[in-house]
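Engineer: Line by line, the protein sequences give chains A and B. Per this note's numbering, the very first residue in the first sequence carries number 1; after that it's consecutive. Per this note's numbering, the very first residue in the second sequence carries number 1001; after that it's consecutive.
To be clear, the hints were calculated from the coordinates, so they are not data collected in a lab. Be careful, since some hints might not be right.
[Unchecked claim] Taking CB as the label site, the calculated pair distances span:
1) A:K48 to B:R1044: 49 to 59 angstroms
2) A:L81 to B:I1011: 16 to 26 angstroms
3) A:F118 to B:D1129: 17 to 27 angstroms
4) A:I146 to B:R1222: 19 to 29 angstroms
5) A:K48 to B:L1015: 17 to 27 angstroms
6) A:R114 to B:D1129: 35 to 45 angstroms
7) B:A1225 to A:I55: 30 to 40 angstroms
8) B:R1010 to A:D255: 20 to 30 angstroms
9) A:L88 to B:N1097: 30 to 40 angstroms
10) B:Y1029 to A:S168: 36 to 46 angstroms
Where is the CB? At the ideal position from N, CA and C, for every residue including glycine.
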Amino acid sequence: MTDAPAVVPPRSRWAWNPFRLARRLPDAGFAYFLLLPAFIFLALFTVKPLIGSLISSTQKRNGDGFTLGNYERLATDEVFLRALGNNLLFSLITVPVSLGLAMLLAVLLHQNVRGRGFLRAGVFAPAILPMVAVAVIWMYFYQPNIGVINSILGAIGLPTPDWLGDPSLVLPSLMVMMIWKEAGFFMLFYLAGLQGIDPELEEASRLEGTGKFRHFWKVSFPLLMPTTLFAAIVALSDSIKMVDFVFVMTQGGPDNASNLLLFYIYKVAFAQHWPQFAAAISLVVVAVLVALALIQIKLMDRKIHYR
Amino acid sequence: MDRILTTSDRIERVLAWVAGLLWIAPLAYVFVRSVIVESPAGSRFGFDNLVNAWGAAPFGQYYLNTTLLVVGITLAQLVFGALAAYAFARFTFPFKNALFAFVLIQLMIFPEVFMSENYRTVAGFGLLDTITGIGLPYVASAFCIFFLRQAFMTVPNELVEAAQVEGSSRLGILWKVFLPAAKPSLIAYALVSVSTQWNNFLWPMIVATSDETRPITVGLVRFLAPETGMDFPKMAAGTVIVIGPLLAAFLIGQRGFINSFLRSGIK
Chain A
1 MTDAPAVVPP RSRWAWNPFR LARRLPDAGF AYFLLLPAFI FLALFTVKPL IGSLISSTQK
61 RNGDGFTLGN YERLATDEVF LRALGNNLLF SLITVPVSLG LAMLLAVLLH QNVRGRGFLR
121 AGVFAPAILP MVAVAVIWMY FYQPNIGVIN SILGAIGLPT PDWLGDPSLV LPSLMVMMIW
181 KEAGFFMLFY LAGLQGIDPE LEEASRLEGT GKFRHFWKVS FPLLMPTTLF AAIVALSDSI
241 KMVDFVFVMT QGGPDNASNL LLFYIYKVAF AQHWPQFAAA ISLVVVAVLV ALALIQIKLM
301 DRKIHYR
Chain B
1001 MDRILTTSDR IERVLAWVAG LLWIAPLAYV FVRSVIVESP AGSRFGFDNL VNAWGAAPFG
1061 QYYLNTTLLV VGITLAQLVF GALAAYAFAR FTFPFKNALF AFVLIQLMIF PEVFMSENYR
1121 TVAGFGLLDT ITGIGLPYVA SAFCIFFLRQ AFMTVPNELV EAAQVEGSSR LGILWKVFLP
1181 AAKPSLIAYA LVSVSTQWNN FLWPMIVATS DETRPITVGL VRFLAPETGM DFPKMAAGTV
1241 IVIGPLLAAF LIGQRGFINS FLRSGIK
């Protein structure tokens, strides 16, 4: 850009009006001026707490003196290890199942079925609801005595377990709820992906007499791979972030069987009043999130540079 | 489509309906349950539960708080995001790549993960239990910057040059060329942001300690919490009060909503 003004504006007492100032900046300076507001807040709520956590996590609980004890404790703290294990299991099951179901739903609702708009909206609806409201809804279903599921099971003479009270059932029960909420959301990603596939490919398969399942497996599925990779990253991050249901339904119990990482950070920081140890756990989670971001950047590389 | 339906087409259609109804059933159940009034004389249809629940907690105030919060955050994200995205999409400057990497690395980081430190920051500003304090950690979004930058990159250079010839300033070009050209992306991002923030719970729960600031999600949990044992009609009514308007808004605008998601390239 070459926009050297013919007349240099005279200095006035309005010179410190930021917009006036911005006009006279060279391009590079102007770009920094544009970045400033966003970067102030990004720094304030991610860089500052990151540094704060690094410092805090090496402090003793009473606040004086350097220690690596908080990190050593990570390896031995049973509740932390339980929450980590639970979260891993929760992520590794809900992500592939949500995406698989999302893909199936997208294929079913991509076709020209009667009432398609209604069905799409219905399947997507759970995705726009607050997680806490979803949690309340599913409490009806899981209540041991008067809950919907056990009423049905009892009526046909099947055992009626305590879904949220049994340590071996609570996490799978929460996973089902999470999948119900997430599948509709990712269905939308896949619908977008399917719209991007040339319909002539399906026509060709049909003329060749290729079965629908085979067509999906050999043509659609590979073409949807970029969507799958991107959705998987989003779903993984959701499975760490969207854990509000723990607060509403189980408080991490019974016996920490449904304790998840973010919930445990909350408990350590605000119930045990131990911000130093909470900071150490935060940093572990951040390390995972940054790794996910790096993978995502790699995946989007082409999109970023060549679009 | 006017070709003849094969057996497998029929099976797919049936499956589509089965799956759709399975997904809708839990929501339908809650709505039905909220309008069934139980009494010793038997169950009947009525809005008593909803009326009672509405009177038992300041849901109107909660709605107002959520609206202020969501509108404030979304506007701030769009303004700050558009400015930063414009810098990345349009200008060259020292450390540009490093600064963009700084944004990208934060795509996955959400403020709650540092809840303890951020609580301290917000407390330091004296903003605990204020709507500003709830919203502040979200006003700059790395995803918004990235997303709008992608949209701005597709703006044809000819449009920019034409505006320069007319003597537009650099901010004028952002306003007159880039923002109109990226309108679908701005709308799509606003929808994503509104629905995300509307549903947010953990951080608002930590910061808000009075009904004057509590958003609807925190209000709902609080409304249900003090009771010992399960009061199903009350739970159903409270839930419907919270999700009813949201679902109504979605269903009215769903075609546009879904299409804008689909077109936005959030995929």
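Engineer: Lying within 49 to 59 angstroms: is that true of the beta-carbon distance K48 (chain A) to R1044 (chain B)?
Structural biologist: holds (57 angstroms)
Engineer: Just tell me: holds or violated, for the beta carbon distance of R1010 (chain B) and D255 (chain A) against 20 to 30 angstroms?
Structural biologist: About 49 angstroms separates the Cβ atoms of R1010 (chain B) and D255 (chain A), which means 20 to 30 angstroms is violated.
Engineer: How does the Cβ-Cβ distance of I146 (chain A) and R1222 (chain B) compare with 19 to 29 angstroms: does it lie in that range?
Structural biologist: Since I146 (chain A) and R1222 (chain B) have Cβ atoms about 23 angstroms apart, the given range 19 to 29 angstroms holds.
Engineer: Using the Cβ atoms, figure out if L81 (chain A) sits within 16 to 26 angstroms of I1011 (chain B).
Structural biologist: violated (46 angstroms)
Engineer: Evaluate the given range 30 to 40 angstroms for the C-beta pair formed by A1225 (chain B) and I55 (chain A).
Structural biologist: Given range 30 to 40 angstroms: holds, Cβ gap about 35 angstroms.
Engineer: Just to be sure I understand the hint, the distance between the Cβ atoms of L88 (chain A) and N1097 (chain B) should be within 30 to 40 angstroms; is that true here?
Structural biologist: Because 34 angstroms falls inside the window, the suggested range holds.
Engineer: Starting from the hint 35 to 45 angstroms, judge whether the C-beta atoms of R114 (chain A) and D1129 (chain B) obey it.
Structural biologist: violated (52 angstroms)
Engineer: Can you tell me whether the CB distance of Y1029 (chain B) to S168 (chain A) sits inside 36 to 46 angstroms?
Structural biologist: violated (26 angstroms)
Engineer: Given the hint of 17 to 27 angstroms, check if F118 (chain A) and D1129 (chain B) actually sit that far apart at their C-beta atoms.
Structural biologist: violated (43 angstroms)
Engineer: Given a hinted range of 17 to 27 angstroms, is it respected by the beta-carbon distance of K48 (chain A) and L1015 (chain B)?
Structural biologist: Violated, since K48 (chain A) and L1015 (chain B) (Cβ atoms, about 51 angstroms apart) do not stay within the stated range.
Hint violations for this structure: numbers 2, 3, 5, 6, 8 and 10, all remaining hints satisfied.
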